[in-house]
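Peer 1: Each chain, written out:
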Amino acid sequence: MAGRPRVALLVTCLADTLFPDVGKASVAVLERLGCEVVFPAAQTCCGQAHINTGYQRDALPLVRGFVETFEGFDAVVAPSGSCVGSVRHQHAIVARRFGDEALAQRAEGLAARTYELSEYLVDVLGVTDVGASYPHTVTYHPTCHSLRMLGVGDKPLALLRAVHGLQLVELPAAEECCGFGGTFAVKNADTSTAMLADKMSAVLTTGAEVCAASDSSCLMHIGGGLSRLKTGVRTVHLAEILASTDDVPAGVA
Amino acid sequence: MSVAPQERGKGAPQERGKRAPQERGKVVPQGRTLLPVVVHAPRGVGHLRGDESFPDAARGALADTQLRRNLGHATATIRDKRAKVVGEVDDWEALRTAGKAIKDHTMARLPELLTQLEANVTAAGGVVHWARDATEANQIVTRLVAETGSREVVKVKSMATQEIALNEALADAGIEAFETDLAELIVQLGDDKPSHILVPAIHKNRAEIRELFARTLPGVDPELTDDPAALAGAARQHLRERFLTAKVGISGANFAVADTGTLSVVESEGNGRMCLTLPETLITVMGIEKLVPTWQDLEVFLQLLPRSSTGERMNPYTSLWTGVHEGDGPQSFHLVLLDNGRTAVLADEAGRETLNCIRCSACLNVCPVYERAGGHAYGSVYPGPIGAILSPQLTGIEDNASLPYASTLCGACYEVCPVKIDIPSILVHLRAEHVEAQRETRRVPTAEAISMAAASWTMADASRWEKAQTASRAGRLLGRRRDKDAGRIRSLPGPLAAWTAARDAPRPPAETFRQWWARDRGADT
Ligand code: SF4
Chain A
502 MAGRPRVALL VTCLADTLFP DVGKASVAVL ERLGCEVVFP AAQTCCGQAH
552 INTGYQRDAL PLVRGFVETF EGFDAVVAPS GSCVGSVRHQ HAIVARRFGD
602 EALAQRAEGL AARTYELSEY LVDVLGVTDV GASYPHTVTY HPTCHSLRML
652 GVGDKPLALL RAVHGLQLVE LPAAEECCGF GGTFAVKNAD TSTAMLADKM
702 SAVLTTGAEV CAASDSSCLM HIGGGLSRLK TGVRTVHLAE ILASTDDVPA
752 GVA
Chain B
2 MSVAPQERGK GAPQERGKRA PQERGKVVPQ GRTLLPVVVH APRGVGHLRG
52 DESFPDAARG ALADTQLRRN LGHATATIRD KRAKVVGEVD DWEALRTAGK
102 AIKDHTMARL PELLTQLEAN VTAAGGVVHW ARDATEANQI VTRLVAETGS
152 REVVKVKSMA TQEIALNEAL ADAGIEAFET DLAELIVQLG DDKPSHILVP
202 AIHKNRAEIR ELFARTLPGV DPELTDDPAA LAGAARQHLR ERFLTAKVGI
252 SGANFAVADT GTLSVVESEG NGRMCLTLPE TLITVMGIEK LVPTWQDLEV
302 FLQLLPRSST GERMNPYTSL WTGVHEGDGP QSFHLVLLDN GRTAVLADEA
352 GRETLNCIRC SACLNVCPVY ERAGGHAYGS VYPGPIGAIL SPQLTGIEDN
402 ASLPYASTLC GACYEVCPVK IDIPSILVHL RAEHVEAQRE TRRVPTAEAI
452 SMAAASWTMA DASRWEKAQT ASRAGRLLGR RRDKDAGRIR SLPGPLAAWT
502 AARDAPRPPA ETFRQWWARD RGADT
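Top line first, the protein sequences correspond to chains A and B.
Position 2, counted from 1, in the first sequence is what my numbering calls 503; the numbers after and before it change by one each time, with no gaps.
Position 357, counted from 1, in the second sequence is what my numbering calls 358; the numbers after and before it change by one each time, with no gaps.
Errors might be hidden in some of the hints.
Simulated crosslink set (EDC-like; lysine to aspartate or glutamate; CA at most 16 Å straight-line) [said to hold, decoys possible]:
| id | chain 1 | residue 1 | chain 2 | residue 2 |
| --- | --- | --- | --- | --- |
| 1 | A | Lys525 | B | Glu512 |
| 2 | B | Lys421 | B | Asp92 |
| 3 | A | Lys525 | B | Asp92 |
| 4 | A | Lys688 | B | Asp521 |
| 5 | A | Lys688 | B | Asp423 |
| 6 | A | Lys688 | B | Asp57 |
| 7 | B | Lys101 | B | Asp228 |
| 8 | B | Lys82 | B | Asp105 |
| 9 | B | Lys101 | B | Asp423 |
| 10 | B | Lys248 | B | Glu148 |
Bear in mind the hints are in silico, worked out from the structure with no lab data behind them.
Predicted, not measured: the structure shown is a model, and the values here were computed from it.
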């Protein structure tokens, strides 16, 4: 790759507000690998929650805002499979629904340059060993949108396997949804809880001390359940594990 | 567009004199294809609407531990079987792509192909009837049965006749319908409702079925065990006499071939073959979307369907028939083409591919929501992911408004669908349709609509968003507890209480990411 790759970070509204360490970790990993990271301060939210709840009309200004904010960059990276999934598969649909074909085409152009973190590291930078160290037993929940909307495959696992000191334990029924589903967790709280219970028992059977994933929203859901039951298992974002080094180990959440 | 109910063909008396029958062979579809009327399945007839919303109906099912076990076991077994046999086919993805292409093409030319089917069925000695909705279809079938003088019919399991509640309509006319599929019989004997497309009694286990048979089957062996073979034997004995005496058979159809006028039913038990061949009169009720253009197209679907559906390489019985043949099989064949909201689905470009469904039920078996809530929670006879998109489109979104939300959008259904229906995207589309409909009809917006609009306004501008973030940090004080559990919130007010009922919520940090960036990196970009 010629020159220093310049990356715009889409931190996501959730990580910005509730999980800033995930954003900081993403910056740390990308910079360690030689990228110039930019945080366009005009960014807010990709609009996914609006779109998935049916409020596409209210999502339209957010889609437009996203396009205007990030259009000038060669690469946009987000530590979230579902936000990137929304950018890639939903933004143009929203624009077209309200007859804005020009915006739809701009959104499609930008979507092609928007990556989930593990995709960017493995596919664009061509790296699996990011020089991280994380001496813990970890199990990985692949999250539905990373898996099925983006098709990231085992890129996150390849990254984790290269982390020094990390012991990866396979999660049973890993590909099954944790039951979050945005407003599903509230609108269908009972079914969501039943799904969460099964995901938690799968995590607990691994004996891992950490359950990792690439989406703060799913982690907030699984972590919220694990903490409520005082299981002693913590949830950590993939970016935080990849940012962790012997010199600067990841904090214990 | 809408399909006009007409009755044409050999010896068929013309109903509703206003509508002139089109001349056979002359394909003039425009008149009935381009009407811009969207007509949904009518209320008050059929089984497309539940009494409760999905979350309410699911609550009871989630608490039923026996049901959870039955469903968990059955769906896991069939899921694994499917995955195994699908994995054997090298060109599976190419087959799926072909299946989707054939169905997309069929829907694009549906009026023309239906006319072709009608002509070919008629030429082969069958009679074609057009039913605009469930009421008309029930009337047509009831009249046809009454005309034979028979008071009982044998039935092959069929979703279309469940959808229109045909058995109830027949019963009202004093005609008894006998379901001959084992699982459908179990549902009928128990006065129950089907909960799965393929295995309507999936919610029952062997012991429950044994108990039901012992109670309801006349002359059953009191020593009957819950061995599956023994249960099937008891049912077979009960049904055999019906097969041999029934003068009328009623079926659905898995496929209809436009260019030959051939109908097809695929099944595993052989009961279908008996119903389709032994009676003198055969009446087939078929949704208008069950069409394929050519005989050759069956090649694709007869590979896709059994592997997706029962996890078999080939289904044990594939029956194909074209009209009537002297001295062989039923001497009178009627095909009832059912609309019941389907043309409304066809009219919506974003939802249209729902009609591509071949009812394999693979999406049910992989759905984590279906596996836990079960089929009855969906209200309609079409449960699971396909039901969540099909039922609201057939009835109009407001009559099944909770169904598009009965999904986490995890995408497992899309991944297995043999005709690649993008169910998650259609769910999202239907949610938008629902919200738009609410916006138009309600004088006062819902609380959700207000908060969504407020969030949109706030997030459309980064400085407003930053102020809101600061305000939300007031939430750090929320639900503060003295037990040093400082990173977590154990109870939230309002709708978010549903979250903290089972999960802690994170406490907002002292500094947002953007504040850290501004502090650490000095300048905004
Ligand atoms: S939607 Fe697809 S997977 Fe579901 S029943 Fe129909 S064909 Fe099968």
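Peer 1: When the hints from earlier in the document are held up against this structure, which numbers fail?
Peer 2: 3, 4, 5, 7 and 8
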